[in-house]
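These protein sequences, in sequence, are chains P and U. The numbering of the first sequence is numbering that gives the first Met the number 0, which starts it at 0 and goes up by one. The numbering of the second sequence is numbering that gives the first Met the number 0, which starts it at 0 and goes up by one.
Calculated directly from the structure, the hints in this document are not laboratory data. Hints are all accurate, no fakes.
Straight-line distance between alpha carbons at most 35 Å, and here's what the computed DSBU-like set of lysine-lysine pairs gives:
# : chain 1 : residue 1 : chain 2 : residue 2
1 : U       : K57       : U       : K18
2 : U       : K83       : P       : K39
3 : U       : K57       : U       : K83
4 : U       : K83       : P       : K65
If we take Cβ atoms under 7 Å as the criterion, some of the chain P residues that face chain U in the derived model are:
#  : residue
5  : E28
6  : F31
7  : H32
8  : E35
9  : L58
10 : G59
11 : V63
12 : T64
13 : G67
14 : V68
15 : E71
16 : S72
Don't be surprised by glycine CBs; every beta carbon is placed ideally from N, CA and C.
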Amino acid sequence: MLRRFWAACRSRLSALVGRSRFEADLDEELQFHLDEAAAKHVRRGLSWEDARRAAARQLGDVAVTKEGVRSESGARAFQDLERDLGHALRQIVRLPAFAVTAVGTIAICVATSTAVFSVVSAVLSQPLPYPDADRLVRLYNSYPNAGFPRSGTSVPEWYDRRERASTLGDLALYRQESNTVVTADGGRHAFALRLTPSFFTLLGARPALGRLFDETDANTAGRPPVVIGYDLWKTAFGGRLDVIDTTVVLDGAEYSLLGVLPDDFGLPTWDAQVFTALRFGPRDRDVRARNTDNFEMLGRLRPGATVEMAQQEVNAINAAMMETYPADLGRKIKDAGYTTVVRPYLDDLTRDVRQPIVLLWIGALLVLGIGLSNVTALLMVRASARVREITLRLALGASRFRIVRQWLAESLLLAAAGGALGLAGANAGLRLLRAFEVYEIPRVGEVAIDGSVWLWTMAVVATIGVVAGVVPALAATRRRVDLSLGPFRTATVGATWPQRFLVSSQIAFALTLVITAGLLTASLRNLMAVDPGFTPDDVSVAALIVPGERYPTAAQRVDVMARLVTAIESIPEVGRAALASQLPFSGSEGRTALVPEGESRPTGDAIGVPFHSIVSAGYFDAMGIRLRAGRGFAESDRLGGARVAIIDRALERRHWPEGALDRRFWFGATPGAPGEAVTIVGVVDSVLQNSLRERQSSGAIYSFVAQNPPGFVRLAVRFDAAAPWSRVREEIASVDSGLVPFWTESLSDSVNASLLFQRGPMQLVAVFSAVGLLLGALGVYGVLAYEFASRRKEIAIRLAIGGSRRGIVALLWRRWSVLVGLGIVGGLFGALASARVVESLLFETGLSDPVVVVAATAALTIAAGLAAIDPARRALAVDPALTLRQD
Amino acid sequence: MTEARSQLLLGTLELLVLKLLELGPMHGWGLAEALEAMTDGVFCVNQGSLYPALQRLKRQGLVTAHWRVTDNGRRARYYEVTAKGSRRLADQQEQWSRTSGAINRVLAARRSEA
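Can you build the whole structure from these sequences, using the hints too?
Here it is in structure tokens:
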């Protein structure tokens, strides 16, 4: 069967390829036949002349014979196709401007939709690269009433669920950290993950070298084991095979190298290269460890279990465990609205990007819609211009199918050309996207033009080709052939309603995009005008690990931190240097609960969970945060002395509306011993911590590094003049060469980075809307130009019988205003829908903002107006005497 | 012309062409002449069907075609039966003799036998 098919194909192909030889052979063969027949007649006594004539008569119509042979050769279908394509090509080449417009439009549509589709496909819909990835779930605690909807999870909860949950299989706890890895060739910074052994089982990781953790590794004595990633093995260990069981120094502590992960194992967002095992003692299981939420939890649904079932079971377990809480803690946690959220892992990973990507998707589809109607309308204008030719051909007996097929060849050719260009454009765009390595977009490295993207592009190209070909062809051939009109009479006057509908819908799509872009731009402008409460200009930040192994006591850490600040401030260009356990807009969000002294809060009122940072004395100066009351941290606030804190105004308003100075509180959810109370010595302005769109600060507490020195600090340096970071690095090294700052960037950059998901969609939608505006204007131009070209005679007659040019203008105006008016109405409805989609991206603006809506509508009207100028000029330039004499 | 009749004729022409070619390679004109001569002019083959039929046989792989020089020094396309063509001829010949035999018996039938 297959062989026969193949043979048939080959015969067809060789007939096609060798067609000129085929024709030559056929000619010679028939000529031979003719000559022989003539020779026979000569032999019977006829003259040459008569013999030839008789032979020719006998042979019959040579053309018919040839056609018969040709149709038996199997090349027929190809010949027809070739003829159609040739015809199409000639039609296209005859009007290069039209071809360029159409191909360009299609290319833009294909490029945008392909690029966006590949992002959608890679980021949102492709399963994660782990076994049974669709059953992976994230579990995190949520305290909605405390203004803290997303927290981590705690060790006791891990034990609860491992022992009791029947819907969850593997459950892993982990924490993202970063370490300084010291090997023979020096120190380097690496992202790290502390995890339970189940983490690797859960994600199906296998060692490339050595082995991974098992349950026993969590509890053995001696040097703790460490697993490293492939990249670190290649760079820091030279990819050597004899590294297993060698010593690795992490943050000053010795570890034993247990195994190396393979190259293809990676985490979607965190490029961890160092993996150490979590060890838990009895204290970690204590009820007091509940809701400390220092970890992240990942689990796998057992076969047959759904997310809802797991959610219900976790809810039930949590409720049962709440019974074991001390009464006061239990009440507070309950008041905070404590629940655990079970969410599919992919869904959770893409939570921040899903909406911007969906928005892009809608934008790309709108551009596609505009482009499709534009190309269709363009071809329709062509079809109307060729209505005479078509009418004549129909009258002469051509089948409608034949004509439609010919149009289809043309539009498919245009679509294929545009598709190829568009695909190249999309490819270039994606290369750009990958080159930027936008760290905040999970899985961006996986974006590629793969099979499904190819399919999508083919589908888009085919749809454009078919719709743009068939619709105009059907519209052009629907007209009845009325020979009484004479084939040379134009059958229609003016644009047809589908053409007008197409143009109006283009305007509607374009307006939707322009309004959306306007709203997003206004939001971005409003966001950038927000005062974050600190002045990020001229401030540079970095991270630094002060290893507990090198500085085991708090006093040693206090000392090294003081020396660090002094050393950095000795650089002439440095205005102020400060350390802080957390900086605003650094992506981390450490919070802590507090209990004000003497406060008895009624049940139902949630505890607050303010931001907590441990800072050095110069912090508020360096960051430009204003002190509103009391004092800053001072030398007199010593390690072991009375504990002091500075809070912000939001926290003051919440707990001490009458003034917070000299008031006291405890860290934690329950009151502690009187000696542990912290005294408030100052109040500073509130600062936005993570995003410019935070409307309400949940408050902040600042502790003093000299009283509570952390092991991981951020560095904030305010420069008076431009100075290289290398100077700062040198000064740090002069204090301790083992301290390596990393994550250096300017604070304004990190504030700007928080706008990535705002700026990215805005820019893309702005590009889309510019394209939409251009295409919409082109559409208006095309239809009006055609309308008046086909009405030239009518206009001439009107003018000849005394009609005024003003009447012509009125006619034009009516046409234009209906086209544009309908489009605007449609666009406003579209904007209503799209505003709902982008709602969470909008900031202090909306459809009720008249400026945006009016400006967008005006921009569109002006574009459409400009598009009408040329057709209007031509209509008014009609000279009746000249026009009526034509034809 | 009805479908059935045209098919019958087409089939017949192919049968005759294959039979003649089995006797030796021949060009189109030669085939036309031989058919006319051997059937005493009953079959005056129209070139309009002969050449398409040859092309069809060629496409089915029943014959092959080669350019050769004729006795009087002209180039002509000669057709030759392939092994597959011979098998087809045998099949069709058998079928033909059965069909024609049956038809002949019917036509030769006399009243008494009816």
